Amino acid sequence: MQPLRSRAIALVAALVTGVAARGAAQSSIGNMSMTPSPAAISASDLRVALNTLLGEHIYLASSATGAALGGRSAEFQAAAGALDSNSVAIAKAIGMIYGEDAGTAFLALWRKHIGFVVDYTTGVATKNKTKQDKAVQDLLGYATDFGAFLHSACPGLPTSVVADLVRGHITSLKTVIDAQAGNDPAVYNNIRTAASHMQMIADPLAAAIAKQFPDRFASR
Amino acid sequence: MKLFWIVSAVTIAAVDRPAVAVQPPVAVAIQGFGFKPRLLEVEVGTRVVWTNADEIDHTVTAVADSGVKPRFDGDLPGQGKTFSFTFESPGTFVYQCARHTFMRGEIRVTSKGEH
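From first to last, the protein sequence lines are chains A and B. Each residue of the first sequence is one higher than the last, beginning at 1 in the numbering used here. Each residue of the second sequence is one higher than the last, beginning at 221 in the numbering used here.
Since the hints were made in silico from the structure, they are not lab data. Keep in mind it's a predicted model, so treat the numbers as computed, not measured. Only true hints are included.
The calculated label-pair distances, taken between Cβ atoms and stated as ranges, are:
| no. | chain 1 | residue 1 | chain 2 | residue 2 | range |
| --- | --- | --- | --- | --- | --- |
| 1 | B | Gly-300 | A | Lys-134 | 28 to 38 Å |
| 2 | A | Ala-218 | B | Pro-310 | 49 to 59 Å |
| 3 | A | Met-200 | B | Val-269 | 35 to 45 Å |
| 4 | A | Gly-168 | B | Thr-330 | 49 to 59 Å |
| 5 | A | Leu-140 | B | Ala-273 | 15 to 25 Å |
| 6 | A | Thr-130 | B | Ala-318 | 21 to 31 Å |
| 7 | A | Asp-215 | B | Thr-302 | 26 to 36 Å |
| 8 | A | Gly-141 | B | Ala-273 | 12 to 22 Å |
| 9 | A | Gly-81 | B | Phe-322 | 14 to 24 Å |
| 10 | A | Gln-137 | B | Gly-333 | 43 to 53 Å |
Glycine included, C-beta positions come from ideal geometry on N, C-alpha and C.
Make the full structure from the sequences, and use the hints.
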C-alpha cells in the first residue's frame, strides 16, 4: 500500500488529467472501485485528496514543533523534511489544477506560513514574548494573503472566508504548540482538533474547484 | 464649406506634427501572486503599466543593490490599482513585490530597432 501522500497525489493527478491518468489512479488506490469512463471524475475524490494532504500537514507540523520544543534535533529535521514534502505535494496538486505558476506561487506562500510557525515556536522555546507576538501578527496577516491567493485562483472562494478559515488553522496549531511547550497531555486532543479543522478548508476548497471545473470533476 | 475647413485643419495638424515614435503602453497583470507576463521585452521609451488583479496589496519594486534606492517602486494597494513606469534606457530590470518577494518579474529594454 502506498503512503497516504503518494495516494493523494496520484489521485489528484488522475482527477486533473482525467482518463489518461485513470489507470495509474486505480493501481494506486487499491480497493477503491472506479470504472474507467470518459466522463469527468469524482469531486469526492478531490475532496479526499485535499483532506488527506491538509490533515497530514497538521500531523507533520505538530511533530516538528514537538520535536523542536523537546530539543530533539534529529527528529525535528526529519519531521521538517517530511513537512516540506507535504507542502510540495499540496503545491503540486494546486499546480495540476491551476497551472505551474500557480503551484509555484502557492508553494512560496505556503512555506511562508510554516516559517512564521517556526518563528512562533522559537519564540515559545526561548520565552521571547515579542517574537511570539510578531509571529502571531505575521500569521494573521498571512491569512488574508492566502485568502486572496485562493480567491484569485478560484473566484468562488471569497478572500475573507478563506482568511477566517486560515486564522482558525493558525489558532488551532498555536494551541498545539502552547500545549507542547507546557507538556500538557491535552496536546493530543488539540492535534486532533487542529487536524479536523483542516477539513473546513479542504471541503470548501474541493467543492469550489469542482464547481469551477465541472468538466473535470463530476458531482458524485 | 465648413466641413472643408475642418478637414483641412485636421490634415495640416497631422502633417505638421513632429514624427515622434511613441511606443504604446504595455500591460502587465498581477494575478494569482504572479506577474503576467513574468518576462517582458520592450523598446526604450515604452511605458509599462501594471494592474493589480488580486484582492491584496502588491508592489512593483525594482530590485536594487543594498543601500541603493530602487529605480522604480510602486504601490498597488488592492484590486484594480495600477502603476506605470517609462523605461528610458536599455537594460534588464528585475523587480519584485516587496510584500511577497517570491513574486518576481523582469523587463528587458532594448534600443530602438533592436527589438
